[in-house]
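There are 2 protein chains.
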Amino acid sequence: MAPPQTAFAAGSVEPPRDPGTLRIYSMRFCPFSHRSLLVLLAKEIPHEIVNINLQSKPEWYLKKFPSGKVPLLENDGILVPESNVVAEYLDEAYPGRKILPQDPYLKALDKVFLETFQYTSIFKVYYNKDQYNESFEGFWAKAGVVEAELQKRGTPFLGGKEAPGYVDLMIWPFFQLAIVLTIIYPDMKIPRAKFPLISAWLNSMQGTREVKNLVNQDHLVEYVRQKIDGKPNYDIGL
Amino acid sequence: MAPPQTAFAAGSVEPPRDPGTLRIYSMRFCPFSHRSLLVLLAKEIPHEIVNINLQSKPEWYLKKFPSGKVPLLENDGILVPESNVVAEYLDEAYPGRKILPQDPYLKALDKVFLETFQYTSIFKVYYNKDQYNESFEGFWAKAGVVEAELQKRGTPFLGGKEAPGYVDLMIWPFFQLAIVLTIIYPDMKIPRAKFPLISAWLNSMQGTREVKNLVNQDHLVEYVRQKIDGKPNYDIGL
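Chains F and G supply the protein sequences, listed in that same order. 1 is the number of the first residue of the first sequence in full-length UniProt numbering; add one for each residue after it. 1 is the number of the first residue of the second sequence in full-length UniProt numbering; add one for each residue after it.
In isolation and in its complexed conformation, chain F is listed as follows (with noise of 0.2 Å):
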């Protein structure tokens, strides 16, 4: 039976998982989680999820990982943390279409290309609320990477023609927070102008199964809207 999906808190029990079963532990919006979510949809993995309380961690949990951070992946014997490396590790360990590249030197510049992209300055606006417009315009600042990148790549998406690959699921998740402050915040314009393929990018991976799949936006809003202003319920639409 699949483990409820309301978070689990301090003094629950950590739920029973069948041997087999790959499980990861997720925050319904966590940018982190989500990487991982998307790869495990983007190559279909069967996969549980069980959804963990940030602010009042269950005591099963911080003993099996005492960092307590999450997304964290387990199976027999298995437990990988760090969204970038569950990423590779699902990649390598499951079938299902290839994330990664398999030339050594595409996979290089995607690695490359992650680490030059200072995507975490979209959370400034959790932190300070007041400057909101920073935060974001900061985002957009670092953006210009992106849109370089896709002008060299000259696809639609940094993985290819077809479908997101690596660099796109593991950047996809800021985007979609810039996305969802300009719901909260309806001053702020995502800038389509001056970055048309970022535009276009952000329309195609709209469209994907995996993105479609990942979270209800109406819901991420709502979160993200609670964040701000320092108290958030991760079981919003559940």
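These aren't lab readings, by the way, just hints derived from the structure by calculation. Since this is a predicted model, take the numbers as computed values, not measurements. All C-beta atoms, glycine included, are put in the ideal place defined by N, C-alpha and C. Possibly wrong hints are sitting among the right ones.
[What the hints assert, rightly or not] Under 10 Å between C-beta atoms, here's a sample of chain F residues computed to sit facing chain G: (1) 67; (2) 78; (3) 79; (4) 81; (5) 85; (6) 88; (7) 91; (8) 92; (9) 93; (10) 94; (11) 103; (12) 104; (13) 107; (14) 108.
[To be verified] Cross-link-like lysine-lysine pairs, in silico, DSSO-like; alpha carbons within 27 Å at most: (15) G/152 <-> F/64; (16) G/161 <-> G/43; (17) F/142 <-> G/57; (18) G/142 <-> F/63; (19) G/63 <-> F/107; (20) G/161 <-> G/107; (21) G/189 <-> G/212; (22) G/152 <-> F/63; (23) G/107 <-> F/43; (24) F/194 <-> G/63; (25) F/152 <-> G/63; (26) G/69 <-> F/107; (27) G/43 <-> F/107; (28) F/142 <-> G/63; (29) F/161 <-> F/212; (30) F/142 <-> F/124; (31) G/107 <-> F/98; (32) F/64 <-> G/142; (33) G/152 <-> F/69.
Given chain F, put chain G in place with the hints provided.
Just chain G now, kept in the frame of chain F:
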């Protein structure tokens, strides 16, 4: 003809590279360059070295690689920066002993461990020479995770019984800097009693061909001394 080993500075001319010759842009005493050189040595990959003057960077180098950082790997149509990415690229694209585990889970564990160990704390000594003892002790405070990992893996090298692997080669340059600091500041001592496994690991690493061929320790001591005084000489010993 191999390029001269003295550092190339502003005003210099880019040394021509023969097609098919793998070149590494390096700085003779840079720990990140050392990571890449260790992998080249471990895998016995033929290469030529072009050293860069980091305080007066050649215009041709900045044109090739605007960040101007080292290391950078070059071959026909190939430019790979970032020492950890270079290591993985070399391991996948070239024959020779494998540095990274071939099992996806063990590979993931290596990458996660490398992110866990905050090796760069040792650099603080360069920027606050009056508190060298705090920087030194700060590094060893972080080194506890290496001791624990050696205990957990139960092998002389983190990469196994026989030879250094990915994690060994990526973290060695920072331990080498710590050793050098004990020579420059004789009141600093490697806490061998507290870290018996690291202590044995240091001896094992110093016995390997790759470490023996990496850098002349006397020259490194002299460089670090000068770097602490703010006047690094990239051509010591040439």
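With chain G as the partner, please determine if residue 108 of chain F meets the hint condition of a C-beta pair closer than 10 Å. holds, 4 Å
Within 27 Å, alpha carbon to alpha carbon, are residue 142 of chain F and residue 57 of chain G? holds, 25 Å
Hint check: residue 64 of chain F vs residue 142 of chain G, CA-CA at most 27 Å. Holds or violated? This hinted pair holds, its Cα atoms lying about 22 Å apart.
Holds or violated: residue 107 of chain G with residue 98 of chain F, Cα cutoff 27 Å? Holds, at about 18 Å.
Restraint: residue 92 of chain F near chain G, CB-CB cut 10 Å. Satisfied or not? With a closest approach of 4 Å, the residue 92 of chain F hint holds.
So, residue 104 of chain F near chain G? Judge it on the closest CB pair being under 10 Å. holds, 4 Å
Taking 27 Å as the top limit, are the C-alpha atoms of residue 69 of chain G and residue 107 of chain F close enough? holds, 20 Å
Mind checking the alpha carbons of residue 107 of chain G and residue 43 of chain F for me, to see if they're no more than 27 Å apart? holds, 20 Å
Hint check: residue 189 of chain G vs residue 212 of chain G, CA-CA at most 27 Å. Holds or violated? The given pair, whose Cα atoms are some 22 Å apart, holds under the 27 Å limit.
Regarding the hint that residue 67 of chain F lies at the interface with chain G, is the smallest CB-CB distance below 10 Å? With Cβ-Cβ at 9 Å, under 10 Å, it holds.
Measure nothing beyond the straight line between the CA atoms of residue 152 of chain G and residue 64 of chain F; if it is 27 Å or shorter, mark the hint as holding. holds, 16 Å
Quick check on residue 79 of chain F please, does its C-beta sit within 10 Å of some C-beta on chain G? Where the cut-off is 10 Å and the nearest Cβ of chain G is about 9 Å from residue 79 of chain F, the hint holds.
The earlier numbered hints are all upheld by this structure, with none contradicted.
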